[in-house]
Amino acid sequence: MSTSSGTPESWISSFCSLLGHEYFAEVSEEFIEDDFNLTGLQTQVAMYKEALEMILDVEPEDDDDDEDEEEEDEEDVSGDARDGLGTRAHGERRHHSRIASDLSVIESSAEMLYGLIHQRFICSRAGIQQMSEKYELGHFGVCPRTNCNQARTLPVGLSDIPGEDTVKLFCPSCLDVYVPPNSRFQTVDGAFFGRTFGALFLLTFPEYDLTKSGSESITNLARAGAGAGGDDLPTINGMYARNVAPGLGSGKIYEPRIYGFRVSEIARSGPRMQWLRDKPADIKVLDEARQFTEDHAGSDDDDESMNMNGRPSGRRRLPAAARLRLQRAQNGSPMAVENGGAESEL
Amino acid sequence: MDDFVSESDSDYTSYWRDWFISSRGNEYFCEIDEDYLTDRFNLTGLNTEVQYYQYALDLVTDVFDLDCDDEMRETIEKSARHLYGLVHARYIVTTRGLAKMLEKYKKADFGKCPRVNCHSHPLLPMGLSDIPNLKPVKLYCARCEDIYNPKSSRHAAIDGAYFGTSFHNILFQVYPTLIPAKSTERYIPRVYGFKVHAAAALVRWQNNRRDDMRRRLRKMEVESGFKEGDDIIEGDDDEEEEEEEVPEELEATPAVGGFAPGEMGSVA
Chain W
1 MSTSSGTPES WISSFCSLLG HEYFAEVSEE FIEDDFNLTG LQTQVAMYKE ALEMILDVEP
61 EDDDDDEDEE EEDEEDVSGD ARDGLGTRAH GERRHHSRIA SDLSVIESSA EMLYGLIHQR
121 FICSRAGIQQ MSEKYELGHF GVCPRTNCNQ ARTLPVGLSD IPGEDTVKLF CPSCLDVYVP
181 PNSRFQTVDG AFFGRTFGAL FLLTFPEYDL TKSGSESITN LARAGAGAGG DDLPTINGMY
241 ARNVAPGLGS GKIYEPRIYG FRVSEIARSG PRMQWLRDKP ADIKVLDEAR QFTEDHAGSD
301 DDDESMNMNG RPSGRRRLPA AARLRLQRAQ NGSPMAVENG GAESEL
Chain E
1 MDDFVSESDS DYTSYWRDWF ISSRGNEYFC EIDEDYLTDR FNLTGLNTEV QYYQYALDLV
61 TDVFDLDCDD EMRETIEKSA RHLYGLVHAR YIVTTRGLAK MLEKYKKADF GKCPRVNCHS
121 HPLLPMGLSD IPNLKPVKLY CARCEDIYNP KSSRHAAIDG AYFGTSFHNI LFQVYPTLIP
181 AKSTERYIPR VYGFKVHAAA ALVRWQNNRR DDMRRRLRKM EVESGFKEGD DIIEGDDDEE
241 EEEEEVPEEL EATPAVGGFA PGEMGSVA
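Those protein sequences? They're chains W and E, same order as listed.
For the first sequence, UniProt numbering assigns the number 1 to the initial residue and increments by one for each residue that follows.
For the second sequence, UniProt numbering assigns the number 1 to the initial residue and increments by one for each residue that follows.
For reference, chain W alone in the conformation it holds in the complex (with noise of 0.2 Å):
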């Protein structure tokens, strides 16, 4: 992975370095020049170029792509007006004398445009390889909750809207979000990290230990784990079983006591939210495919055929309730969601 950003002063650098900023990862400079990673952001960032250009720190030049972007910028009407004034400018071969309030707003569009491209550029090889080292380095923070003993947190938006929400922190120990305990961070943006950030690095670095707190190392033994007996550990949807929200369950949840007596549930004020907290004991209850087959198993023909599909047809299974559905819609073959699926695709 490389940076490439060049020297320490690039306006990417400076960006990730200011206050506030310390989740951004610096997005390369190869992934900004690639102009299909950038579709469709012209129409969500005024005066997309000029805040491009300052992003590469390319030195403002007239080129012959101003038509381009009028045609883009035709229903912002503000943006237009500023991008007819930029291209008179341009047209009088005006050497980047910007005006101060002009550069103001690039800088602002850059701070937008660099926001969201950083919200693809994570998803990517490349960025969420770069956030997993920020993420061993502790850089993201840990989860507040007393239970989940300094679990390292990530990043996330709760929406892909710039505007709407500011960055929350994802706890993959409790799979639940919390606000950054800075108050710095409520001037970011959650859009520049995205609702996809958090979920995409679990799936994406399995073998991290989600079971080591923040102070451990999780380094050395989530890769060695990768590479010596990473197969042997027992998996469960997708995911190694120890993984699955270690934060939770029982000893996990909070019992409240009264001198120390447990307050009953039947109480006014007894406990109602610990099935937030809560997680099977035996973690193999939540594989719904395996759960179900096994409960179908001998009751119908097709089933045992699905049973020894095995892994193929998991894949295009529906939930276990909307199967069920479709199977007493079909007469009771399983088997036949394929014609139900096939349909509903049209």
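Treat the hints loosely; a few may be bogus.
[As the list claims (entries may be wrong)] In silico lysine to aspartate or glutamate, EDC-like type, Cα no more than 20 Å apart, as pairs:
| no. | chain 1 | residue 1 | chain 2 | residue 2 |
| --- | --- | --- | --- | --- |
| 1 | E | K100 | E | E34 |
| 2 | E | K135 | W | E255 |
| 3 | E | K195 | W | D287 |
| 4 | W | K134 | W | D209 |
| 5 | W | K252 | W | E265 |
| 6 | E | K104 | E | D33 |
| 7 | W | K284 | W | D295 |
| 8 | E | K100 | E | D39 |
| 9 | E | K195 | W | E288 |
| 10 | E | K227 | W | E265 |
| 11 | W | K252 | E | E145 |
| 12 | E | K151 | W | E207 |
| 13 | E | K135 | E | D159 |
| 14 | E | K104 | E | E145 |
| 15 | E | K112 | W | D165 |
| 16 | W | K134 | W | E207 |
| 17 | E | K151 | E | D109 |
| 18 | E | K107 | E | E31 |
| 19 | E | K104 | E | D159 |
| 20 | E | K219 | W | E265 |
| 21 | W | K252 | W | D282 |
| 22 | W | K134 | W | E255 |
| 23 | E | K78 | E | D65 |
| 24 | W | K284 | W | E294 |
[What the hints assert, rightly or not] Among the chain W residues that face chain E by a calculated CB cut under 10 Å, a handful are:
| no. | residue |
| --- | --- |
| 25 | C16 |
| 26 | D35 |
| 27 | D232 |
| 28 | L233 |
| 29 | N237 |
| 30 | M239 |
| 31 | Y254 |
| 32 | R268 |
For the record, the hints were derived by calculation from the structure and aren't laboratory data.
Positions of the beta carbon are idealized from the N, C-alpha and C atoms, including for glycine.
Add chain E to chain W, keeping to what the hints say.
Chain E in isolation, oriented as in the chain W frame:
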């Protein structure tokens, strides 16, 4: 002891307790009444718990007038803080103490729940043990019924026994109207809008647990305390999930392709 000794005493600009609760890091403590402190019954057993018990008590009640060196003074000061904490744990479960802590709770003096879905619900300080020097103070959120570590390290160093394991639960027994409505709102990890199987399976299992509990409570005719509209849909759970999620999915679609023109405003 009933008259306020230090009222006229020029050596003290304020009472020791005043100083104590207003000093940095002690924001979680409330002021213990003079009457409570001077009633020996309330201090039963603490004399074995605190070094220089009598001096410490004198200091707390502002009648300390021993000439001693700085080192001794420091030790007594430390004992006084410890004594204050231990009495505090007893005081805050009395009627007056509960009322004082309630005021602080309403002002969110103990901080707000970091859990996003609790929407900054105020926290309450609590201990994981009633025995001193074992566990530092934790913060309890009545909305998600879970405990959290204080944000600041100066609070993380306070002994949990100065608040005790019972106080926050007693508070809601005494003031049941303050019990916040419980919510089924929660975070569901997703990748490009799709739920992640392992997490989703756990969520389904947890939701079943919740609905079982609610049915149990309904059978016993106990109020479950969940918000209106968060009703259990008998039978099919997936139906319930689908219903909430359809609009969310629609909302997310524009983010893939781009923005509706109206949303450009947030850019500049």
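Hint by hint, here is what the structure shows:
At most 20 Å may separate the alpha-carbon atoms for a hinted pair to count; K100 of chain E and E34 of chain E meet this at roughly 14 Å. Between K135 of chain E and E255 of chain W the CA atoms are separated by roughly 16 Å; this keeps the pair inside 20 Å, and the hint holds. For a cut-off of 20 Å, the pair hint linking K195 of chain E to D287 of chain W stands: about 16 Å separates their Cα positions. With a CA separation close to 16 Å, the supplied pair K134 of chain W and D209 of chain W stays within the 20 Å bound.
A distance of roughly 18 Å separates the Cα atoms of K252 of chain W and E265 of chain W; the hinted pair therefore holds under the 20 Å criterion. For the proposed pair K104 of chain E and D33 of chain E, the alpha carbon gap of about 16 Å is at most 20 Å, so the pair holds. In summary, the hint linking K284 of chain W to D295 of chain W is supported, as the alpha carbons are separated by about 14 Å, within the 20 Å threshold. Distance check on the hinted pair: K100 of chain E and D39 of chain E sit about 19 Å apart at the alpha-carbon level, within 20 Å; holds.
Between K195 of chain E and E288 of chain W, the direct Cα distance comes to roughly 15 Å. Compliance with the 20 Å bound is thereby established for this hinted pair. Of the supplied pair hints, the one linking K227 of chain E and E265 of chain W holds, its CA atoms being roughly 17 Å apart against a limit of 20 Å. At roughly 12 Å between alpha-carbon atoms, K252 of chain W and E145 of chain E fall within 20 Å of each other, so this suggested pair holds. In summary, the hint linking K151 of chain E to E207 of chain W is not supported, as the alpha carbons are separated by about 30 Å, beyond the 20 Å threshold.
At roughly 6 Å between alpha-carbon atoms, K135 of chain E and D159 of chain E fall within 20 Å of each other, so this suggested pair holds. Between K104 of chain E and E145 of chain E the CA atoms are separated by roughly 19 Å; this keeps the pair inside 20 Å, and the hint holds. The hinted pair formed by K112 of chain E and D165 of chain W meets the criterion: a straight-line CA distance of about 18 Å does not exceed 20 Å. Of the pairs offered as hints, the one joining K134 of chain W and E207 of chain W holds, with about 16 Å between alpha carbons and a cut-off of 20 Å not exceeded.
As the CA atoms of K151 of chain E and D109 of chain E are separated by approximately 13 Å, the hinted pair is consistent with the 20 Å bound. Distance check on the hinted pair: K107 of chain E and E31 of chain E sit about 16 Å apart at the alpha-carbon level, within 20 Å; holds. A hinted pair counts as satisfied when its Cα atoms are at most 20 Å apart, and K104 of chain E with D159 of chain E qualifies at roughly 19 Å. For the suggested pair K219 of chain E and E265 of chain W, the alpha carbons sit about 13 Å apart, so the restraint of at most 20 Å is met.
Pair hint K252 of chain W plus D282 of chain W holds up; C-alpha atoms about 15 Å apart against a cutoff of 20 Å. Pair hint K134 of chain W plus E255 of chain W does not hold up; C-alpha atoms about 35 Å apart against a cutoff of 20 Å. Straight-line distance between C-alpha atoms of K78 of chain E and D65 of chain E comes to about 16 Å, which keeps the hinted pair within the 20 Å bound. For the hint pairing K284 of chain W with E294 of chain W, the CA-to-CA distance comes to about 12 Å; that is within 20 Å, so the pair holds.
A cut of 10 Å between beta carbons decides the hint on C16 of chain W: the least distance to chain E is about 21 Å, and the hint is violated. For D35 of chain W, the shortest C-beta to C-beta distance to chain E is roughly 15 Å, which exceeds 10 Å, and the interface hint is violated. Given hint, D232 of chain W at the interface with chain E, is violated; its Cβ is 19 Å from that chain's nearest Cβ, farther than 10 Å. For L233 of chain W, the suggested interface contact is broken, since its CB lies about 14 Å from the closest CB of chain E, more than 10 Å.
Here the hint on N237 of chain W is kept, as its CB sits about 4 Å from the closest CB of chain E, short of 10 Å. Hint status for M239 of chain W: holds, given a least beta-carbon distance of 4 Å to chain E, under 10 Å. Interface hint status for Y254 of chain W: upheld, as the beta-carbon distance to the closest one in chain E is roughly 5 Å, under 10 Å. The closest approach between the C-beta of R268 of chain W and any C-beta of chain E is roughly 5 Å, which is under the 10 Å cut-off, so the hint is satisfied.
Violated hints, in rising order: 12, 22, 25, 26, 27, 28; the structure is consistent with all others.
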